[in-house]
Amino acid sequence: MINKINLLDLDKQQMYRFFLSIGEKQFRVNQIMNWIYKYYCNDFNKMTNLNLSLKKKLNDIACIYSPKFLKEQISLDGTIKWSVEIGNKLIETIYIPEKKRSTICVSSQIGCVLKCKFCSTGYQGFNGNLSISEIIGQIWNASRIIKNKSSKKNTSITNIVFMGMGEPLLNIKNLIPALKIITDSSCFNISKRRVTVSTSGIVSGLKILRNTIDVNLAISLHASNDKIRNLIMPINKKYSIESILSEVRKYLKTSKANHGGVTIEYVMLKNINDSLNNAKELAVLLKNIPSKINLIPWNHFIGTNYKSSSYNTIINFSKILKKQGFITTIRKNRGEDIKAACGQLVGKM
Numbered sequence: 001m002i003n004k005i006n007l008l009d010l011d012k013q014q015m016y017r018f019f020l021s022i023g024e025k026q027f028r029v030n031q032i033m034n035w036i037y038k039y040y041c042n043d044f045n046k047m048t049n050l051n052l053s054l055k056k057k058l059n060d061i062a063c064i065y066s067p068k069f070l071k072e073q074i075s076l077d078g079t080i081k082w083s084v085e086i087g088n089k090l091i092e093t094i095y096i097p098e099k100k101r102s103t104i105c106v107s108s109q110i111g112c113v114l115k116c117k118f119c120s121t122g123y124q125g126f127n128g129n130l131s132i133s134e135i136i137g138q139i140w141n142a143s144r145i146i147k148n149k150s151s152k153k154n155t156s157i158t159n160i161v162f163m164g165m166g167e168p169l170l171n172i173k174n175l176i177p178a179l180k181i182i183t184d185s186s187c188f189n190i191s192k193r194r195v196t197v198s199t200s201g202i203v204s205g206l207k208i209l210r211n212t213i214d215v216n217l218a219i220s221l222h223a224s225n226d227k228i229r230n231l232i233m234p235i236n237k238k239y240s241i242e243s244i245l246s247e248v249r250k251y252l253k254t255s256k257a258n259h260g261g262v263t264i265e266y267v268m269l270k271n272i273n274d275s276l277n278n279a280k281e282l283a284v285l286l287k288n289i290p291s292k293i294n295l296i297p298w299n300h301f302i303g304t305n306y307k308s309s310s311y312n313t314i315i316n317f318s319k320i321l322k323k324q325g326f327i328t329t330i331r332k333n334r335g336e337d338i339k340a341a342c343g344q345l346v347g348k349m
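In the UniProt record's numbering, the protein residues as written are 1 to 349.
DSSO-like cross-link-like pairs, simulated, lysine-lysine; straight-line CA separation at most 30 Å:
#1 Lys322 x Lys117
#2 Lys332 x Lys192
#3 Lys237 x Lys253
#4 Lys192 x Lys38
#5 Lys292 x Lys339
#6 Lys292 x Lys115
#7 Lys319 x Lys287
#8 Lys100 x Lys180
#9 Lys71 x Lys89
#10 Lys207 x Lys180
#11 Lys307 x Lys332
#12 Lys147 x Lys192
#13 Lys256 x Lys238
#14 Lys180 x Lys115
#15 Lys149 x Lys100
#16 Lys147 x Lys71
#17 Lys71 x Lys180
#18 Lys25 x Lys4
#19 Lys322 x Lys287
#20 Lys68 x Lys12
#21 Lys117 x Lys280
Distance windows between CB atoms, simulated:
#22 Ile315 x Gly78: 23 to 31 Å
#23 Ser240 x Phe27: 48 to 56 Å
#24 Lys56 x Phe27: 14 to 22 Å
#25 Leu276 x Thr212: 33 to 41 Å
#26 Asn49 x Glu85: 30 to 38 Å
#27 Lys250 x Lys12: 26 to 34 Å
#28 Gly325 x Glu85: 41 to 49 Å
#29 Thr254 x Gly78: 32 to 40 Å
#30 Leu231 x Ile330: 18 to 26 Å
#31 Lys38 x Pro290: 30 to 38 Å
Just so you know, these hints were derived from the structure itself, not from any lab. Since the structure is predicted, the reported quantities are computational estimates derived from the model, not experimental observations. By construction, the Cβ of each residue, glycine as well, lies at the ideal position given by its N, Cα and C atoms.
The task is simple: from the sequences and hints, build the whole structure.
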C-alpha cells in the first residue's frame with residue numbers, strides 16, 4: 001500500500017483531478033465511485049466495465065483501503081460496536097438501528113485531547129487525527145456489513161453523526177473532505193440535514209465550517225454557566241460559552257441544514273449541573289438561539305466519581321425548558337451493556 005493513492009481519501013473533485021493526471025476521461029470517476037460506494041467493491045479487477053489497461057494502471061498506483069474492523073459486539077438493544085484498527089491503536093465505531101432510521105456514529109480522532117471530566121474517551125489521552133480514508137472507511141465498512149447482515153434489499157444508512165471518539169473540529173482538515181464525500185450524490189448521498197457534527201465548541205473550527213460546508217450542528221454544552229463548564233470541560237477556559245454561542249448564531253444565519261435550530265447536548269450530572277436553577281439559567285442562555293435541547297443521562301465508566309441525575313430530576317429539568325418553549329428530549333441510552341453509549345468509547349478490545 002506504500003505510496004499508492006487511496007481512493008477513499010479523495011472527494012469527487014480530487015478524483016477528477018486524479019484521473020486527469022493519469023490520462024483518463026472524467027466519466028471514469030462516476031464508474032469508480034459507483035463501484036466503491038454502491039457495490040462496496042475494493043478490487044479493481046472485479047470492476048467489469050473497466051478495460052484491462054486501466055485496471056493494471058490503477059492496481060499499480062492506487063488502492064481502495066479501509067481500516068480493519070477487528071471485533072464486533074452486539075447490544076441487547078441491537079446497537080453494534082466495532083473495534084477498528086488504526087496502525088497499532090484502536091478506535092470505535094457504532095451502529096444504532098431504529099424503526100425509521102439507522103445511524104452510524106463516527107470517530108474523528110484516536111482518543112481525545114480535551115479531557116472532559118465526564119467522558120471516558122478523554123481519559124485515554126490523544127494519539128492522533130484520523131485521515132480522510134480512516135473516517136470514510138468507518139462508514140464504508142459499517143454500511144457494507146449492515147447491508148450484508150440484512151435480508152432487506154434496500155438497507156441503507158440514513159444518518160451520520162460525528163459523536164464518536166475525538167473532537168471533530170480539531171481535525172477540520174480531514175473532516176471537511178470527509179463531509180463532502182458523505183453528502184455527495186455519487187458517494188454516500190446522505191442529506192446534509194442528516195449529517196451531524198458534534199463539537200465541544202472549537203470557535204476557530206466553527207468559523208471554518210460555517211464558511212466551507214453546511215451540515216447539522218450539535219454543541220456539547222453540558223453547563224449553564226462558565227463556572228460549571230470550566231470545572232467539567234477544560235476547553236471552556238479557552239472558548240467561553242458566550243464565544244461559542246456567538247459563533248453559533250452566525251452559523252445559523254447561513255445554514256439551511258439547521259432549519260430547526262442547533263442541537264444543544266447537555267449531560268445530566270448529579271449535583272453538578274442538574275438543579276432547577278441550572279435549567280432556568282440554561283433557558284436564559286439560549287433564549288435568542290433557535291435550538292433543540294437533548295438531555296443525556298450520564299453513562300458510568302470506571303475511574304470517576306460522577307453519578308447520573310435521577311430520572312425525576314431529568315424530567316423536572318426538561319419541564320422547565322419546555323415551559324420556556326424549548327423542544328427538549330431525553331436521549332435513550334443505547335448500547336450501554338457493551339459500553340457503546342455516549343461518553344463510554346475508549347478504543348480497547
